[in-house]
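Residue numbers (this note's numbering), protein chains in the order written: chain X, 1 to 828; chain S, 1 to 400.
Keep in mind the hints are simulated off the structure, nothing from the lab. For glycine and all other residues, C-beta sits at the position ideal for the given N, C-alpha and C. One or more of the hints may lead you astray.
For lysine-lysine, the following DSS-like pairs were computed, each having C-alpha atoms within a straight-line distance of at most 30 Å [to be verified]:
(1) 239(S) x 53(X)
(2) 53(X) x 297(X)
(3) 669(X) x 134(S)
(4) 69(X) x 239(S)
(5) 328(X) x 236(X)
(6) 289(X) x 60(X)
Among chain S residues calculated to face chain X with C-beta under 10 Å, some are [claimed, not checked]:
(7) 139
(8) 148
(9) 155
(10) 160
(11) 238
(12) 240
(13) 243
(14) 245
Footprint (simulated), chain S over chain X, 3 or more residues, beta carbon under 8 Å [claimed, not checked]:
(15) 745-752
(16) 757-767
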Amino acid sequence: MAEIELMMVRKAAVLGAGVMGAQIAAHLVNAGVETVLFELAASDGDPNATVRKAIENLGKIEPAPLARKSLSGHIQAANYDEDLAQLEDCDLIIEAIAERMDWKRSLYERIAPHIDSGATIASNTSGLSINALSLALPEALRSRFCGVHFFNPPRYMHLVELISGPDTNDVILDQLEGFLTTTLGKGVIRALDTPNFIANRVGVFSILAAFYHTERFGLSFDEVDALTGSLIHRPKSATYRTADVVGLDTLAHVINTMKETLPDDPWHKYYESPTWLQHLLDQGALGQKTKRGIYQKAGKEIRVLDRASNQYVASGGKADDSVASILKNDNPGERFARLRESGVPQAQFMWAVFRDMLHYCAVHLQDIASNARDLDLAVRWGFGWNQGPFEIWQAAGWQQMAAWISEDIAAGKTMASAPLPGWVTEADRTGVHEADGSYSPALNRDQPRSRLPVYRRQPFPDRLMSEPASYGTTIFETDAVRMWSTGDDIGVVSFKSKMHTVGPDVLDGIDQSIEEAERGLKGLIIWQTEPPFSVGANLQGGGGGKRDQKTSAFASAVKKFKRSAQAAVLDAARKLNVADALMSGRLEKIERIIAQFQATNLALRYSSVPTVAAVDGMALGGGCEIAMHCDKVVASLESYFGLVEAGVGLMPGAGGCKEIAVRAAQDAKGGDLFPFLRRSFETVAMAQVGRSAENSRELGFLGSADRVVMNRFELLYVAKAGLNAMHEAGYRPPLKFANLPVAGRSAIATFKMGMQNMLAGRYISEHDYLVGSKFAYVICGGDVEAGSLVDEQWFLDLEREAFIELLATEKTQARVEHMLKTGKPLRN
Amino acid sequence: MSNQIQDAYIVAAARSPVGKAPRGVLRNVRPDDLLAHALNAALVQAPSLERSAVDDIVVGCAIPEAEQGINVARIGLLLAGFPNTVSGITVNRFCSSGLNAVAIAADRIRLGEADVMIGAGTESMSTIPMGGNKIVANERIFIKEENIGIAYGMGMTAENVAVQWKVTRDAQDEFAAESHRRALAAIDGGEFRDEIAPYTVRERVPDLEKDVIVEHSKIVRDDEGPRAGTTTEILAKLKPVFAAGGSVTAGNSSQTSDGAGAVILASETAMKRYNLQPLARFLGFSVAGVPPEIMGIGPKFAIPKLLKQTGVRQDDVDWIELNEAFAAQSIAVINDLGLDRNKVNPLGGAIALGHPLGATGAVRTATIVHGMRRRGHRYGTVTMCIGTGMGAAGLFENVT
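Isolated chain S (complex conformation) (with noise of 0.2 Å):
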């Protein structure tokens, strides 16, 4: 266990539904926006809670530049109308950045310097295409063999695991197709309900033939992503688009994806103050490093270094949120770490659900804590890859 002074407890968590990118319902949201709309979410579930008590809101964004740049942390909570007295800061680890933030507010916690914290996350990948606007590479990525990893595009990587781990192009698409199955009968079973907020879309179109603008509103209340008939005979007529003869096709690779979600952690003395509920408990988190041509085998490292860390039996734990960066990577990590696939993502994942980049670590927890709530779970950990070569882990204790 760390050395921390006091706990830090989830108190509210909730998420916008996550569109589809670049063509989704979400595509002319704002990220900015988005957060706003995840951050007041999360107060509805604590309604006692003061805004002004807020200490600092950490947010996660992949790409944190244009239309989510100049700290979209401080200009999403300023527009969601907390009072300029509360601060924000934007934290970047690529897919693990909601989770990081997670981890940063909690820690803030845990070491006692703070009392309720927020970690959020936000990503528009419609607005900011994958690896921002402008990619520039630094020459001497090329003089070294172990460096040129970083060149490549994370589909790349996705192939390279899929060739070390053997993992077929079949059991590719049968883990896409049962991604789907899960996700939709998520939804039909209403299990998302406790932590999407719906989200009222409103679009201005100019109409050419009447000479007018025109103003479209819509209420967003469901993932995009999922997709009713996706079998595994239809995902197999995909092209791999990585590779010449490759096995990484866009159906069994996660989806691009708009979205935001929030977290607000508080210590036992604020949830007295406050009257506040747990949700759960931050139990810790890790972080471990791969070579960036295999990014996708980061969770095997990042998994058992959190259990060593926190203690917890790896059967110990009930609920595993993985996000499917890739079916080709879930798979190696599944097998190789042994986790039981009925507790890996049992509401679907990242290929049906999609994968706001920055967000993913955020809208999880939200998935994880409620989820957990709802089934009685005792131990719930959220992991991802992550590009350049990483892995990540949060690991929550149910406490309702």
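The shape of chain X in the complex, shown without the other chains (with noise of 0.2 Å):
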């Protein structure tokens, strides 16, 4: 019998329509589950006017927890006295109502008589014992109970972590954990069961000693969070902005948890909501949610509580420059031991905070995690770490680490005085990350990843740093792409430029992999080792510092759209990077690329073998061109398509157009071409981008034949998979469009009439409006009769010149220019 690799899945019900409960649901219809969402019956009216009050309140959630807003359609409201008899037809079945004993165990008395026998119960519990609530259920169903905790919000973050209880079939766990990372597309860490779980157990603990030594070192709140943001890699909310964002009723309940549920820690004594903290909590704030908390916005101005005064003052905390300079140290160790020396208060800190971090994880490793890849794991996916305690440990130096934590033991500098667990201290280890799998202290060796069919999925995994970067054997490599393949006849070209934008090296290196992919192999994938996919096209081989796109902690995800957004424009501005060429008048030079770029897209469309963008992340301007012109795109959930051209005065140039026109007249099918040119006018006019691969694919840039995959780690599993069906079916490329009606003089002057409108009413400038129009010209073909028969070189053509044309405009020039100045667009 064939291994069942994922639970089958055709309903879920998830209980409880809170923050969690709600935005769980909301993920389940994002990967097509149909779901049923039960909360309390209202007291009065309609009994489920509660849910569907939170199912409402989805499409009003930063960031978006649905991938589209219709889909909250799909989300049925349900209450727990009428509706119970639907449990009867769910699969799966999620609780994830407030955090109370006695609620829950009444709860699960009341559904137990409804659910099916071969269905899967899990509590989303972040604190309670699921030993303890799994004796709540009747002995029965005990076997397909366990934990699953997710983690907020659930569609940005990826970890889950899984939790077996007592008697909780192995099966049915590996089943879930199949579903959960295919078809939710989450990262799933096995957790003990214990209190807090990892990621929070190491995350609180973490915000707990950064509590304590701010106090300590006499810090303000706001230097703090200077000093553990973005300087160490970790989201810019840092610690006490994400102490508000998470909300601080929620915090100080998790540190309760801690208190009660484990007296005999070593830490036990600082699991206790500091003074501060507590007065907030009294006053109800609570942080994000009350508008109050640690952080208040007072206008424009965003003010501090001051720890002595209890009052909000101006924030403006900056880490010292000796300390900043000392953080931005690439060598871990370094960086460690100038912390330790310096006698600075501010460098005290960040030593002392890492110092019990790290004491408190080696301590407790074996209590809460299977080993050190588990802990590290759960604690990037959970909190947005770019590195885990144990990475962080082991970059730096295993052994004087040790000695140094040892050390600070010895003299009473730590915070608790256990000593460290005799396996950090062997002599001969350099670390817990190996090659043959991570340090689990309950087996004392070495432990591999996991081996689930469903990990087969994920040939690139999320990688610890001390595991080899490492894609196949190169086919051919060039400074600008890397082709390579896995000995499956498919070859894999990535791009090795920054933010993989697309220069003139890039677009001779997508040439020659079409050719040896042309040359005997089945196909060509376009994929990138980490996101983005490309923020477009690079007129001069420049651009910027390359970013961490990591997009899985908290604070990034709420800040994604309006990164991304500004990302965008300053990508079109570095695309074109041309404020030099333009001086020295270069535009021949510019069009000649642009020319290129076109035919490497039309080669890509039509080259003898199937061609697949793999798409992680954004993809703009030419690399939604790019994409656009690939036989098929699979795009992960969270990738972000857009032409955003206009955003710095000018317009798409490698075929985007083009494909704006020909998308329009095949899905027109003989019609009016207008309806369906209007939408990607507004899009690409207004530089939309889409939140989501299927809020993309709404916007126009997918087709329906594109495939959305819920994990990016399986992104180029699907991706061959695709391609091995197109090579399988007999791939021929699609034959040249001969006739392609275009829309012509008249749509334009419809275009131009709405324009006109938003130019009277002072919404577009003077440029936008000739950005607009010269747009408009190019989608309906130009000043020809509407209905006239054109090929794809029309629009080309018309395009490239009309590129060349707004960026010999004195105005666009100088929307470029200070885009590269500012990072900001220029409205003028």
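Take the two lone chains, each set in its own frame, and fit them into one complex as the hints suggest.
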């Protein structure tokens, strides 16, 4: 019998329509799982009023829990009084009600008679014991009960902790892990049934350690946030603002759980909300949700709580220059050595926080996780750290760090006096992550990664720093791209440029990859080893610094769209990076590059082998145009497509306009082209970026045959499956279009009519009007009669000419220059 | 005075209630059905008139396409049960279409070529969006600066009027709140009872749970637009929708609406023959052009032109139904002509009551002729501004 990798979930139920419950339901429908969301019946009127409100509210939460807004219609509203019978159809029931053992117990009693004998029941508890919860269920259900702990916001946070109960059937756990991984796209870590499991245990301790040392070293809250955010590659919200975002009440609750359930913990005395926190809670200042917490926004100014006076004061705490420069040191060993040596309180603080956190992880690893990898990945995926605690330790030099920590324990400097466990100080230990796996204290050996069948879909899982970056065998490599294969006759081309921008050298690389693929491979996949897919063209070969594109962090998820929009426009500017070229009158050169880009995109479309764009993260400008020209797009849910050139006074030039016109002609099926063009016109003129792969599809960047993959680590696997399917079906390139109808002159006038109102209403500038008019001109096929028939090259020529015309205008040049200088768009 | 050979009298004037578009009570009612309803409602007021005596039916409609296309006048009259010997014509001058229909009908009588005519109007803005299902501009409007106003949406023209005539946001909101106040008082006072024929809406919708079609039925008696509790303060919170930093909002603009109205006109001969009682005498109609980008100012030129043509002094006009396309243009017209605000829209205007584009002229004619009768007024005018820059006005004399 074939192994069943994934749990078959035809329908799921989520019990509890609170912040987590409703968002878990949203993510289930993101994944195409029909979902019933239960909540208490409203006391009067429509009994489903409460749950309906929660579903409606999903459309208003930022970052958006739903991949596209209309998905909320697929969440069915239900209440416990009338609808329990609906549970009988559900294969998976996720309980996400308030963290009260008595409430959960009575709910379990109520639902037990309605649960199908094959269904799985999982609690999204973050603090209660799965053991104890299991006992609240009738015995017959216990083998199908476990904990699944999602992180907020569940669509964006990669981590789900999976916790076995005492009687949970192993097969069910494995299948659920498959479902969570492939269907929901999550990173599953098996956690032991200990309070707060892994990520919260470590993450919250890290916050408590920061609280403690903030006071000891007399630092202010905003100073600590300046130190513990992007300077150490963690979310910008750092420590205190993260607490505000999470909710101070939630944080206090988690702290209290630790206090009550971990009496023997050497750090027990620190499991206490500081007085200032208690004071805020008493005033109902719970953080972001009440618009007041550790921080408060006063108009445009952000104010921070001053511990001494309990008043909000202007915030502006900064990292000391000397400390910032230590933290920027690329050598982790040196970094810690210098923090330790420095007399500056901020440096002392940083060392103390890291030291106590590592001390804590070393002592507790055995109780809370199977191995060091699970702990590191849980913290990375659940708290958005770019490295896990043990990765940090190992990178800094295991023995040296261990010696320093031991020294501080002996000197009574550490928060607790528990000694480091014996395995830490073994003489030959160089770390916990080795080639054969990561150290497991329970097994006292290294434990390899899970061999569950679902992980065959992840040829390149999220890497630990100790794992080498190695991607197949090189077919050819240039400064700009590397083409490689894993021996399956499929060529993969990955860009080496920063942010995967596309310059002439990358275009050459793609051309060569297509040639190689045509010489005997099944086809070509464009896949990057990490996001983004590509932020667009770079006509000069310059480009900005590579930014960390990991988006698992809470705060970065919150900021994602702001940032991607900014990056989008920035990219468009960078894409050009043309200021110099303009000055020296090199428009001709740029036109040649645009022509080359168009030719490469056509080659992707018409090559004799299938091409697939495997997209994760941003696919903007030229990156979007590349994807639009492949035979198929396979995109992770968190991919964001956009043609954003209008932001710097330009328009798509590498076939993006042509694709809009071609797709409109296809969608119109001989009918009126205008409504189809209008949708794209609005999207592109406003430089709109899709907020998920599904939303990008709504905007027209993905077609109906393009696939969305929930787990970005399965992207390449699915892309290959798609390519194989095309190859096996006897792939032939599409026939070239010869008779495309255009919308023509009157449609251009109609677009201009709409813009004329925007202009008169001062919503757009004269130059915006010009950019929009040129764009309308191109996608309508120029000043010709409606219904005239043209070919693809007609559109390509129009778009290249219009692009260059815009580039030649002073105002577009000013926009590009301004964007490059300031990173902000210029309205002119 | 014009060179007419006989007078044209209004002997009946009725209308449907006006619903909000696109999500109001009449959203699923077809405009041809609304027209048929209004035509029959008018006949109820003239029970002794034979349907076959009607010479022609002129129907105003601003966007005569799709559900209200292919000559909605003829379709509506046949659906209403008129014999197929009765003819129909649809006319369009946007917002004055309904008034133009009444004027054309009257003129046929005044010229002596007909004795019984109907002027009517119908519009379902729920069904046909503003501007129609397909807007296609002519590239040549961008060649001459003075033609660019053709491209402007109505809201933009209202912004232009507000700026040029210095009409403040406060004044607009105050005007709008007053429109709602008057409309609600009029409904409470039963002022529209003489003209509105309640409409029974029947809707067939699928009930997915029971797997059957369910028919809902509802009688609509009143205009849906007026909203209690609409104060200047509440209106002040709305954001401008047509211009950045502008003053025209959804709250101080007319509402998009669904509705129909019909007015029966007869010569003295016909009144005698069919024993009809006159409500009002049609005195005249005029229209004037203005720059498209400030179309709202149109009535400022149409009203004096009408008064000059009919020889009636402005002060002698007791009732002015000035279509409130926008508070901005209404105020500009009132101020420039020195109109008495108390005489303008005493029962509220389009900001509260709604503006079913091509129907409005016929609907407000019904309002004014019944209203003047109740109040014993003598002269009343129905006037409005018109997209692409025009104003129209018609004058009626109470003869009851």
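Each hint tested on the structure:
Between residue 239(S) and residue 53(X) the CA atoms are separated by roughly 26 Å; this keeps the pair inside 30 Å, and the hint holds. Of the supplied pair hints, the one linking residue 53(X) and residue 297(X) holds, its CA atoms being roughly 28 Å apart against a limit of 30 Å. Simply put, residue 669(X) and residue 134(S) have alpha-carbon atoms about 17 Å apart, close enough for the 30 Å limit, and the pair holds. Using a Cα cut-off of 30 Å, the hinted pair residue 69(X) and residue 239(S) holds, with the two alpha carbons roughly 24 Å apart.
Restraint check: the Cα-Cα separation between residue 328(X) and residue 236(X) comes to about 15 Å, which is no more than 30 Å; the hinted pair holds. Between residue 289(X) and residue 60(X) the CA atoms are separated by roughly 14 Å; this keeps the pair inside 30 Å, and the hint holds. Because the beta carbon of residue 139(S) sits about 4 Å from the nearest beta carbon in chain X, less than 10 Å, this interface hint is met. Given hint, residue 148(S) at the interface with chain X, holds; its Cβ is 6 Å from that chain's nearest Cβ, closer than 10 Å.
A cut of 10 Å between beta carbons decides the hint on residue 155(S): the least distance to chain X is about 8 Å, and the hint holds. Hint status for residue 160(S) relative to chain X: holds, with the closest Cβ pair at about 8 Å, below 10 Å. Contact between residue 238(S) and chain X, as hinted, is not supported at the beta carbon level, the nearest pair being about 16 Å apart and thus beyond 10 Å. At a threshold of 10 Å, the smallest CB-CB gap from residue 240(S) to chain X is about 9 Å, leaving the interface hint in force.
At its closest, the beta carbon of residue 243(S) sits 4 Å from a beta carbon of chain X; the interface hint therefore holds under the 10 Å criterion. Because the beta carbon of residue 245(S) sits about 7 Å from the nearest beta carbon in chain X, less than 10 Å, this interface hint is met. For the stretch 745-752 of chain X, the assignment as covered by chain S holds, since 7 residues bring a beta-carbon within under 8 Å of that chain's beta-carbons and 3 suffice. With a cut-off of 8 Å between beta carbons, the stretch 757-767 of chain X has 5 residues touching chain S; three or more are needed, and the interface restraint holds.
Checked against the numbered hints listed earlier, the structure breaks hint 11 alone; every other hint is satisfied.
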